[in-house]
Amino acid sequence: MVLSAETIVIRNADVYPVTGAAMMGVTVILQDGKIAEIGAKLLPPKGARIIEGKGLRVYPGMIDSGTELGLSEVSSTRETVDTGEIGEFMPQLRALSAVNPESEHFGVVRVNGITSVMTYPASGGGGGRGGGGSQHISGQAALIHTDGWTWEDMAVDRSAAMHLIFPSLGGRGGRGGGMAPDAILDMIPGAAGAAGFTAAKRTYDAQVAKIVAFFDEARQYQKERAANAPGFKRDLKLEAMIPVLEGKVPLAVSASRASVIHDAIAFAEKQKVKIVILQPRDIAKVGAELKAKNIPVILGRVLALPDTEDSPYDEAFTQPAEAYKAGVKFAFGTFNNEFVRNLPYQAATAVGFGLPYDEALKAVTINAAQIWGHGNEIGSVEKGKVADLIVTTGDPLEITTQVKYLFIKGKEVPLVNKQTRLYEKYMSRQ
Amino acid sequence: MAFAQSHPAVAIHNAKIVTVSGSVINKGTVVVRNGLIDAVGENVAVPPDAMLVEGEGLTVYPGLIDSLSNWGQAGGASAAAAAGRGGRGTTAAAPAAAAAVTAAPARGPEDRPQTTSWLKIADEVSPTGRGVETARSAGFTSAVTFPTRGIFGGQGAVIDLISGEKGAEMIVASPTGQYIAIGRTGGGGGGGMGGGFPSSLMGYIAYVRQIYLDAEHYKLVKDAYAANPNGMTRPEYDRALEGVLESKRILLPANRLVEIDRMIHLAADLKQPYILYGGREAYRPEAAALLKKANIALLVSMRWPEKNRDADPDDVDSVRTLETRDKAASAPAMLQKAGVKFALYSDGLEASRDLKAAVKKAIDAGLSREDALRALTLSPAEIFGVADRMGSIEKGKIGNLVVTRGDIFENSTKVEMVFVDGRKYVPAPETPAGGRGAATDDPGRNQAEVNQAGVKQ
Amino acid sequence: MKLSIRQYVFAACFAAAPLCAQTYVIKNATVMTVSKGTFKGSILVKDGKIAEVGEKVMEPAGAKVIDASNQYVIPGIIDCHSHIAGDGGINEGSISVSSMVDIKDIINPEDIAIYRALAGGVTTANILHGSANAIGGRTLPLKMRWGKDAQGMIFEGATPGIKFALGENPKRAGNPTGRAINGQAQQGRYPATRMGVEDVIREAFNNAKIYKAEWDAYAAKKTGIPPRKDLQMEALKEVLEGKRFVHAHSYRADEILMLLRIADDYGFKIRTLQHVLEGYKVAKEIAAHGAGASTFSDWWSYKMEAFDAIPYNAAIMQKKGVVVSLNSDDAELMRHLNSEAGKAIKYGGVSETEALAMVTLNPAKQLGIDNRVGSIEVGKDADLVIYDKFPLSDYAKVQKVLIDGTVYFDRDNEVSGRPGKAAEKQKMIDKEKQNQPRTQGGRGGRGGQ
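Residue numbers (our numbering), protein chains in the order written: chain A, 1 to 430; chain B, 1 to 457; chain C, 1 to 449.
One chain only, chain A, in its complex shape (with noise of 0.2 Å):
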């Protein structure tokens, strides 16, 4: 990791560590890329860039665990979008590789507060329907800074998660928009209403298979490569997929609606590999289940419309709690790269509906950190981790809060982008 060599003070700020308890009126110093101490009466080191953080809050970087952040642009066009590859299962693919660090999402969202994403290889951040509806594994999301000279620089982990794109049942299974009210159900083709659930269900079936099949094929690949038979050949596809066999990677199955969920936690029972599930919609009916297989989940949006036309206005708004009271663990993801900067105001909306204000603070910050396999380093405000902070002039989860200050391993980031510098210009237009 290249770090730092700024040593930076931040002193007399009240520091949120998200792990603990806040702590008024300390110093941070940041050496190497790290938080190197934090407390009360410490000495600035020689050198040391003092920022007076008075009246001023320090809390860790959040962290955004769904979007295509790097790889796509200008999501309508296409010469400016790198997700969604052509095929069935593309575990090789990945997303590190593709991101641009010039894009200018970056720069956007790190006003906000955001230091770290993870960015999909599938469209629409994880929770599409890649391929043209057809994709099952679409490749390897990545842990990325939101700051760096090259991917390598940006890079948290390479390969932080296997995404699967668990195959949809029903007119509301993809992506769970809820957009289609009753009445307009059966106009879609393919939903159920339209098309018959027997036929839906029986492509559902041969879909599951078709994935089990490929999960079979790479263990048995395992199996050979483990041997160094003779006459083994190297297959870069299958190769991809052993991390996820040992474990060592973890799928991010993409899955709404219950019975999904309820499929794909059976799937990895019996694959024996690690899952996280992104944007669940039946958090009340699936929790239990969740919570005893000990599966963390990455919710979706919360400003998000109701399932049907039944459901309380607010089944979206409250999705978070819901979680939290079924003792799920959870993170937000945003899914959209228009919506990245505002992951803050998505777990704000959360606590007006009844989600703890901490655990809201925790699901866009440790939670994060910890599902991606990254807790040790990220998501809180401790010394030894990276310096991943942000100073902000108050809640980060409030609207008019202002993020005064951007830490990136270590280094500040000036918070000016590309609607900076127009803003700039066209404010002075006489």
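Derived by calculation from the structure, the hints in this document are not laboratory data. Not one of these hints is a red herring.
The calculated DSS-like cross-link candidates involving lysine-lysine, where the alpha carbons are at most 30 Å apart (straight line), are:
{"id": "1", "chain 1": "A", "residue 1": "Lys285", "chain 2": "C", "residue 2": "Lys421"}
{"id": "2", "chain 1": "C", "residue 1": "Lys431", "chain 2": "A", "residue 2": "Lys201"}
{"id": "3", "chain 1": "C", "residue 1": "Lys433", "chain 2": "B", "residue 2": "Lys361"}
Position chains B and C against the provided structure of chain A, taking the given hints into account.
Okay, now just chains B and C, sitting in the frame of chain A:
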């Protein structure tokens, strides 16, 4: 082909006679002569030349009338009805059906999209047409049949369901009104890009509005020209507007409550006499109140919504859907209670069993048998202005009768014979499979779908 | 008579309110009037109107008291750009000028989105035609009077509008590659470029002027046969006469300026520029024309023409003299316009009142209904929203919504009514199951024919 017996006179003797217009005659006689009802009553003498039908244990009803139908029309697509450009700017010579295929997308109301308003179904019906024999076996002697393709489908006719040589013999009255469909169809779906005008519900409605504005203007210009052509440029002939001007009433689709409300407002602007059809949510008290206030007749589809038999077990239908399925068949009872004029229509049902079951469902939901019968006899006759010649058993009316053993709407009841224009038909035995049409399984379907699925072309 | 479940639902919604508006006193609230400051006090609501506002107000006998201690009251939110409450599609995209179609004809008062919007504090929404064509259909504002019929939703007396659209959407149908919006190969529809969009609008107004001249001539002499009434032209004639507001979907600065100049040339006004994401680049010109700007708070990058969108847009335009509102264009976002307004504080530093005005008084001005709604003032419609917390935040939840002095949404009733509704529904499901005749099986429903 059913065999029709023709006699100068027929007398049904000692039967129970349900006249509909008057009280029930528990034991009486109906005499039909030269196709017309000659006498009916308790003490009517059997004419010596009449073919005698011993009516002991039988009930005689007026022949049933399907108030919105495609019976009598060619089996598949209505031959000449076609979507696409008609009217101005097109050569009228090309067969309409072919024109539909090749027509460029309409660029606006002036291209008269999906309009065949001039078409008269009276010119198209045939005794070998769809439904004639099966429906007659179920006790239907007449239908108000409409061309239903496109937006302005054309002009309907009241027909008798006879077997015979010529379609012309079937016609009781023509034209009886213009069938209008309003809804989203094809043409790029919701987005409505590039499929031609109109592509949205509001486009359909705007088109209907413009047609009536044009018709009004067309008439002014035509009349002025007729009065004094000298020095005036002659108005261009527009068959679409001619068809509209010829129509004495219009039929507008309205299933949901909001559609009933919407169509009542639209019709007020159009200033046309109108009838609504559909009525899936007419069970709602607000709907009946609206119809009553507007004093408008409703034709109620008997294809009651049903649950999709292959539904996703995890998907729970909305309250709206559940309620509609539960209550749709109570619409006739609600309308009756509210004093709204209504009639029932087949909407694609043809088999005797299905038609009977559909009526039975309305009866089970609170409609009296008398009112059910009226909704299939005298009420449709009144709605379409032919109650002076059909709809009840009265002297001088057309000799359309159904003779049953038992109550006509009971499943176990057998239709013994049917008289159409005084000609006797013995029902064909029912086919075991029963030609049940597609079930309407979700009341939430949009109007266009109902039109397409409900009234087969 | 036993209530049907739907009536039951309505009854539950309105449990707190009789059919006619009753007298309310909302007490001890933080009242954000928008036009006359923010203070701790009370509001008297009578006959559907705001009768008194102040630290203390009269409490007439029989008035129902709503204790809003620690709560906030704001004017009902107005969404200047919405597509809810319509049946059968909101785009008549088959042609480039669809000014004959009218949203008024397709109002669906039973669209659940209305209730959801209400639960997000929206009391009025400007229901617009889509943006598939250069000149779209006729539009109108509705009040979110959930439970009323279509006519009952209409904002009485409000000037109707018409939708225009510039840029990528109207030209997409004419994409020379022949690929239309839904991916199906389609015959290209003119126009395919921004140049063509300008031409379509100019030609339409050229025709409208001729049409208007014919009618004006007829009106002057009143003899002979009147000209043919053309619904397409009629709407544009109304625009020329100032009787119909133009709401123009636009993104880039060039096309915004282009439209302003067309309007100048043909002698009409653009009432609002919708989206107007690059409005900040031509704020001066927009202000000079007198057009309002109704924009998103922070949407960007979803298409090329949204790539220069900046969240400071609202603030810049506001500072340069444009009346600015924030809209949703989306049934979901519509439910959070309060926090969208909060973003105007964050990005560009407008005041709380200015930010709140962007979703209340400013859209009211843009729609010409500010004499009725948009602020908490004596004599205005009692369209009020009560929040549990400072409303320009995502922490805030709507507690009650009044329209015309009637409570249309009450969160306590909504939440407490849920078990009852669920039980009623279960009964219906059970009933259907019981009545369902066991079918022979094997037939795949509708598909089987």
